[in-house]
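> As a plain string of letters, each chain reads:
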Amino acid sequence: MIYPLIAIVLLICIYTVRHYLFTLNRLFGFQRHPYIDIDTADWPAVTVLVAAHNEEKVISNILDALMAVSYPQEKLVIVPVNDRSTDGTRAIIDRFAKAFPGRIRPFHRVTGKGGKAAALKDAMAMVETEVILIFDADYVPARGLIKQLVAPFFDPEVGGVMGRVVPLNAGENLLTRLLDLERSGGYQVDQQARMNLRLVPQHGGTVAGVRLSALREIGGWNDKSLTEDTDLTFRLLLAGWKTVYQNRSECYEEVPETWPVRLRQIMRWAKGHNQALANYGLRLLFRPSLASWRERLDGFLLLGVYIMAPITLLGWALALGVFYQGTIALQGVVALLAFTSYAAIGNFAAFFEIAAAGQLDGSARRVRLLPFLILGFVVSIVGVSRAFASQLMAPLTGAQFHWDKTERFRRTS
Amino acid sequence: MSPHLAAAVLCAVTGVLLVLPMLPAILELRLKKDAAPLNVVQQYAGEIAHFAHGFRDSVQRMAPLVANCAATGVNAHPTLKGGDACLVLGKNDATALSSPTGKEPTCALVVIAAADLTLPDRTAFLKEIYAAGKLTGGEECAYRAIYGEGDIVLGRASKLMRWVHAAGALHAEPDCDLYGRVSSDREIMLGAGCVFQRLHAPRIVIGTADGGAAEACASPRLADVGGREKMDALEPRRVIEGDFEVQPGEVVAGNVVARGKVRVGAGAILLGSLKSGKALVIESGVQARGSVISGDRMRIGEGCRIHGPVIAERGIEIAAGTRCGEVNALTSVCALKIRVEEGVTVFGTLWAREIGHAGRGA
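Residue numbers (this note's numbering), protein chains in the order written: chain F, 13 to 425; chain U, 11 to 372.
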């Protein structure tokens, strides 16, 4: 019992060091924003795909915003991908298409496989440009965002681009405030540190872009994946394409306002991430590819983020087991000490990261909510572990691929 | 003390000690002092002349007064909306500008000139200046910000702290320090020894003339090799794990990504884009259709023609006679530090995030 526990403690220590490395890099390291100053160029033609499934509450906001961006009109085509909506989404999109002929070209999908990746895959028939940007329908892009997301594609090494998402409904309740903190830590620190250290910034599948030739080279969208963005990140990486993160390319999003919706969202992310771990983890570590060893190691750790939740739960169970063995050997004491040290310092590393993000964002007061993150942490660890368990059981229960769309909460359209 | 009371006190103290660290969190949750979404500026797209146009708009609101001053030749002293004292000059007379408060003459007023404006030497202008006509600055002046409807000439060794925008041409004489945003709707000419950060104009000329070395280079012109290629139609990229060298005069098709150092020989032609993970050296007379990008530093030799963006994560040096961008296809040249020799022309943006040096000593 003691050796698995020691192994788990070591794993947790690796993730703790990673948290500290990223945070210290953001606070004191060299910050890379190589493409953000490209404000003038012979801009390429761009297609913006707006993924929409029953989005009548939000779709008009994003289409309005996209009609007002500073990108040259004649080089920008908006393709709302209406994926089997049963509400008023289709009518709203058609109204916009009529109001902006040639600029908005709707893609109405009435049958086919569920899920965003499947919808995007079908919508590729509408794409004729080398640069593709992707937004979910609940996002509200700012005027300059399209240029900022396109600029990195002047670098022939770049296959994917990711911007920063900022919760618009941050102040609604405890959950949205905690998600706001988590997003800050994840983008302001994690993603930018990976960019700085030339590691693996993750494609988020929205406020994001992909190069058509890179997408074709890796075989297009993977409609078997629950998280097409994670899947894309790793296939691009293995094929030698870089995904870059633009921290100053910010865009408002809507975060879940109820715990059940949040739970379903994080369970889908966990399943998709674990799918990617199973598909690409070993290839990343052991097969020759165009990725550097740093990228491979970071990529593997990134893939392992969600599997760490059930591993941590197992660690707690093992620690209890060791305790109740009756006679705790010296090694057992050491393991317990290490595990409890993690509880004090390891968790603190994640908190430190989020506090640093608050500082970098200039929002010091919201950092006072940090103690409540324990709540979010517990919900996540339980949800992610449930997702893992259901994935393990799937071959026995015969569970099928199922896409859970995140519910919207916006009051006005 | 009874055992029950002791237990109750112990529980209470423990409870207080448990809740105490949560108190700031609970207060913030209830009072929502920092609950607004982080500020994402929706309408500002990073335009270089954003502040200049904002200032111009505020001046336009005083148009009747300015027109009256221009017609009568009389000065006026209104107060701006923000409370700043303002001087509207009815004619080109700088005597009303300086108020000798210290060793150096200083003007603490927002200056609005209804016509041309000629400014005295060695004067510090602490507020914005607007000129409806041509603005000619004196030597060794210091400015906060300037908007000119016509041409602007900044005298030798002047300093700019925030922004300057000229609807006409902007000429900075030698040894000026131009911090912040410098833009023109027509042309910027930087004298030797100037320091800059962010420049934008349809044409930016370092020194007095475009060296013309590009025309002198012996290699065939891009037009002779084929039509202009767009990003949409590039050939597949080549990825090279180590260093890479393009031979002099060689024509390279498609995009090239080299993870190590790259040297491009004199007179070579790059039909696509080029990325080097480390240092990039481009020798004289090279022509590139796409972008050239370095993960470290870049040196571009004499008489090169680069059509796409030129990006280096650390620094860029550009030798005389090189042109970046085209009249009809503006581009960006960006790095933390940039050094450009006299005779370099950039069509579009020249942006040194930390500092740029022009001409002499570049």
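Watch out, some of these pointers could steer you wrong.
Claimed, not checked - Distance ranges between label pairs, derived from CB positions: (1) U:Gly259 - F:Arg228: 46 to 56 Å; (2) U:Ile250 - F:Tyr336: 31 to 41 Å; (3) U:Glu336 - F:Arg295: 56 to 66 Å; (4) U:His60 - F:Ala329: 22 to 32 Å; (5) U:Ala16 - F:Tyr336: 52 to 62 Å; (6) F:Arg295 - U:Leu27: 46 to 56 Å; (7) F:Val122 - U:Met32: 44 to 54 Å; (8) F:Phe335 - U:Ala16: 45 to 55 Å; (9) F:Pro16 - U:Ile250: 22 to 32 Å; (10) U:Arg196 - F:Ala251: 41 to 51 Å; (11) U:Tyr54 - F:Ala111: 36 to 46 Å; (12) F:Leu372 - U:His60: 22 to 32 Å.
To be verified - Covered stretches of chain F (chain U as the covering partner; in silico rule of three or more C-beta atoms under 8 Å from a C-beta of chain U): (13) 170 to 181; (14) 211 to 217.
Stated by the list, open to error - Chain U side only, calculated, beta carbon under 7 Å to chain F, not exhaustive: (15) Ser12; (16) Pro47; (17) His60; (18) His63; (19) Ala263; (20) Leu346.
Since the hints were made in silico from the structure, they are not lab data. In this text, all values refer to a predicted model and were calculated from it rather than measured experimentally. Note that beta-carbon positions come from the ideal geometry of N, C-alpha and C, so glycine has one too.
> Are any of the numbered hints broken by this structure? If so, which, sorted upward?
When the structure is compared with the hints, numbers 1, 2, 3, 4, 5, 8, 9, 11, 14, 15, 17, 18, 19 and 20 turn out to be violated.
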